[in-house]
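K.L.:
First to last, the protein sequences are chains F and E. Sequential numbering of the first sequence, starting at 1, is according to this note's numbering. Sequential numbering of the second sequence, starting at 1, is according to this note's numbering.
Just so you know, the hints here were simulated from the structure itself, not pulled from any lab data. Predicted model only: the values in this text are computed from it and were never measured. Think of the CB as a built atom: it goes at the ideal place given N, C-alpha and C, for glycine as much as any other residue. Just so you know, not all the hints are guaranteed correct.
What the hints assert, rightly or not - Computed footprint of chain F on chain E; a stretch qualifies when at least three of its residues, placed anywhere within it, have a C-beta under 8 angstroms from a C-beta of chain F:
#1 63–69
#2 75–81
#3 87–97
Protein chains: 2
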Amino acid sequence: MSAQPHVVIIGGGFGGLSAAQALKRAPVDITLIDRRNFHLFQPLLYQVATGSLSPGEIAAPLRGVLSKQKNARVLLGDVVDVNPETNSILLADGAIVKYDFLIVAAGAQSSYYGHEEWRQWAPYPKSIEEATEIRHKILYAFEVAERISDPVSRASWLTFVIVGGGATGVELAGAIGEIARQTLRNDFRSIHPEEARIILMDGAPRVLMPFPEELARNATEALERLGVQVRTGVMVKEIDREGVTFAQGTTTSRLDARTVIWAGGVAAPPLGRALATSAGADTDKSGRIKVGPDLTLPRFRNIFVIGDLALSLDRSGKPLPGLAQVAMQGGVYAAKSIVKRIKMGRELPPFEYFDKGNLAVIGRAAAVANAFGFKLSGLPAWLVWAFIHLMYIVQFQSRVLVFIQWALQDLTFSRGARMITGTTTTDFNFNNEIAAQRSQPNAEITQPAGTAYR
Amino acid sequence: MSAQPHVVIIGGGFGGLSAAQALKRAPVDITLIDRRNFHLFQPLLYQVATGSLSPGEIAAPLRGVLSKQKNARVLLGDVVDVNPETNSILLADGAIVKYDFLIVAAGAQSSYYGHEEWRQWAPYPKSIEEATEIRHKILYAFEVAERISDPVSRASWLTFVIVGGGATGVELAGAIGEIARQTLRNDFRSIHPEEARIILMDGAPRVLMPFPEELARNATEALERLGVQVRTGVMVKEIDREGVTFAQGTTTSRLDARTVIWAGGVAAPPLGRALATSAGADTDKSGRIKVGPDLTLPRFRNIFVIGDLALSLDRSGKPLPGLAQVAMQGGVYAAKSIVKRIKMGRELPPFEYFDKGNLAVIGRAAAVANAFGFKLSGLPAWLVWAFIHLMYIVQFQSRVLVFIQWALQDLTFSRGARMITGTTTTDFNFNNEIAAQRSQPNAEITQPAGTAYR
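Could you put the whole structure together from the sequences, leaning on the hints where they help?
P.N.:
In structure tokens:
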């Protein structure tokens with residue numbers, strides 16, 4: 001048996017992986033546990049959802065990332081509970097792992113604010129599977145519209161609603177605008193994809209609330225140039241198979257839309273609740289666990305909670321946002337703190353988040369950025385965005401493919417990852433949809449007149 | 001309505017797409033119908049199954065490929081029947097499409113020779129979904145082996161059987177050999193992936209029967225260098241959840257293997273049977289439809305059958321093999337034949353297949369090729385293989401990504417597309433598997449001793 005302290009890290013996202021890597025030369029044995037065998041570059045998931053990138057291009061196998069780090073081991077496993085009294089965790093398969101230090105970086109999952117039934121009609125791009133499902137929904141919508149002739153139902157298939165005006169929602173709406181206006185422009189013979197309606201809804205008075213107002217205005221203008229309608233101050237009342245019901249002020253309206261994408265809030269995963277209960281820790285209403293200034297639990301100083309699962313307050317008492325940067329800095333802090341305690345028995349000064357800024361991209365080579373105190377829009381913001389994202393990706397997997405793919409797409413306007421594969425969880429059946437939309441059974445599909453063959 | 005003859009093409013594989021493209025300047029309207037929205041570069045599917053390439057890298061959206069061809073339209077639809085008397089086809093959604101000329105290029109599907117129940121334990125890399133499932137099976141096997149300690153069951157998780165010694169089987173076995181010996185070499189802490197047993201079985205006296213004997217010998221040696229055992233003259237009797245039972249001569253043996261991959265035969269899809277019945281055409285035992293020397297049905301000269309679905313004889317009376325080259329040349333022939341009949345009312349001379357040779361690749365930069373009368377092995381064969389495959393890919397989607405990815409992998413020995421996503425159709429449950437394999441409930445996973453942290 002090794003005599004070194006055992007650091008167990010739950011989660012191979014930005015926080016967990018940063019912690020593991022920061023412990024590379026530390027006198028500890030590390031076990032990183034994740035349910036998935038890969039690290040996912042979540043900020044680019046929306047590009048998988050919109051067919052720009054393949055899943056493989058934004059994921060790095062955890063074993064590959066850590067294969068050369070001799071003090072680290074990766075376990076594929078689903079942590080279901082933590083017992084802080086015995087310093088052990090329980091996996092879903094029944095195994096127990098003991099730790100000396102525990103870093104919980106279990107992230108967040110999508111939240112439908114108590115309306116779980118909306119999930120089946122409005123997926124959230126939070127996992128590879130959900131992003132792929134959204135890609136299928138978008139592509140299928142155009143395919144169904146091409147096959148049916150009733151103008152009303154065709155319009156509802158060509159209406160795309162994105163609920164949530166944060167960075168994910170803005171980026172998704174911009175990408176769908178590009179798909180309709182550029183990527184698919186010449187691909188159909190019966191419909192004009194550029195007639196698609198794309199509506200971005202949010203309950204707040206404007207999009208991109210964490211950004212300065214000027215940048216949110218620039219983003220709205222960039223979206224409108226791509227044909228996206230931005231509706232703010234809107235409360236979604238109902239999402240079903242055929243559309244969205246929403247209130248704006250005192251009016252309630254209905255919008256027929258066969259493709260609705262959720263980019264709303266997030267909440268803590270079940271492990272968060274289990275840990276809060278067993279460790280007697282406080283949580284906020286979305287389930288985040290309150291940590292002290294050193295990111296540990298008040299009653300168990302050898303348990304760190306970092307990233308999206310942590311409710312960590314900055315000096316002004318405001319909670320830190322759920323961003324990759326926050327998680328990564330938290331991971332490095334936890335690692336340093338463990339080393340200092342092992343080597344010197346001393347504490348680090350409290351964690352301080354260094355805010356490098358905020359970024360959102362709106363379609364091809366346009367973005368808004370609030371970086372290092374500068375407000376940027378358009379191409380300069382896009383370049384900053386591309387550079388920062390590539391730096392992070394390269395760090396984990398030294399892949400130049402993503403950049404080459406973007407460059408090719410910008411040259412050719414095409415999107416490579418446009419396949420509809422597998423089955424969607426919304427039990428979509430193309431043949432039934434087409435059959436249901438047709439006015440008469442066994443109608444003949446005639447050739448469009450010469451002009452339709454553009 | 002357009003007055004031009006209407007050519008309907010069923011299938012967007014090598015044959016159907018070649019036919020559509022060869023009709024680019026012809027005075028016809030083309031409708032290409034496929035169940036999927038993409039063309040799939042099937043010869044590289046095994047690289048998806050073994051984590052070298054992402055699905056998006058070997059697929060091209062059909063609409064994208066044909067978007068600039070003004071006389072062509074793409075329909076997403078599942079053709080279930082053909083009525084040659086009324087010159088019409090029926091889609092699964094109930095729609096009818098009429099044609100003047102029909103080109104049936106519906107391809108082949110995997111066949112388990114009457115043992116459909118083997119499919120659940122031994123997937124065949126014939127579709128994106130199946131290739132992805134195989135990737136998951138291979139990666140999960142190593143993950144389970146890492147988690148369990150019983151040496152007998154660990155060995156069965158580290159045993160990989162490939163049934164079928166054709167090009168697909170040889171290429172799969174070589175790639176799994178590389179994964180075990182190179183890609184995963186440093187990735188685990190409890191197991192040594194290079195101890196995996198990889199067994200390639202075939203009923204024939206040697207692998208790669210369509211190749212000259214000398215090349216098959218070279219291939220076998222290249223496989224053995226990668227740690228693959230080649231067993232020929234073997235008849236598979238049973239495949240189940242835990243392994244394979246097979247006969248060799250008069251002995252019946254059992255091999256415990258949790259990963260079995262089928263690379264056996266193919267058979268015609270259901271549409272083949274429907275067409276043969278309604279058109280009164282002959283078929284062989286795998287369901288291929290017998291066509292005349294001009295690739296049309298004897299009783300319906302406006303129906304061409306090309307590619308894997310066609311039983312087409314060469315001058316010596318031997319059936320043409322199910323290769324991309326045969327399908328593509330058949331597609332071009334059908335297109336030219338239609339043009340000649342429309343413009344001049346005359347017939348082309350009979351179809352003749354020009355055999356450019358055969359290729360199979362065995363791991364990194366090794367291959368065997370029988371090209372243009374030359375027998376090649378090793379690096380020269382690999383270069384020919386890479387060049388030919390890239391030419392075809394570029395033709396359809398002008399992507400340089402595949403080549404770059406290969407180059408990176410050859411430099412780094414890594415495989416980018418190594419994620420386990422979604423659920424496999426074999427209802428694999430990692431947690432249950434681990435729990436079932438463990439000798440005692442809630443056993444503790446201890447840290448391996450220092451030496452295990454390589």
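K.L.:
Run every hint past the structure and note whether it holds.
P.N.:
Hints, one by one, checked against the model:
{"no.": "1", "hint": "63–69", "verdict": "holds (count 4)"}
{"no.": "2", "hint": "75–81", "verdict": "holds (count 4)"}
{"no.": "3", "hint": "87–97", "verdict": "holds (count 9)"}
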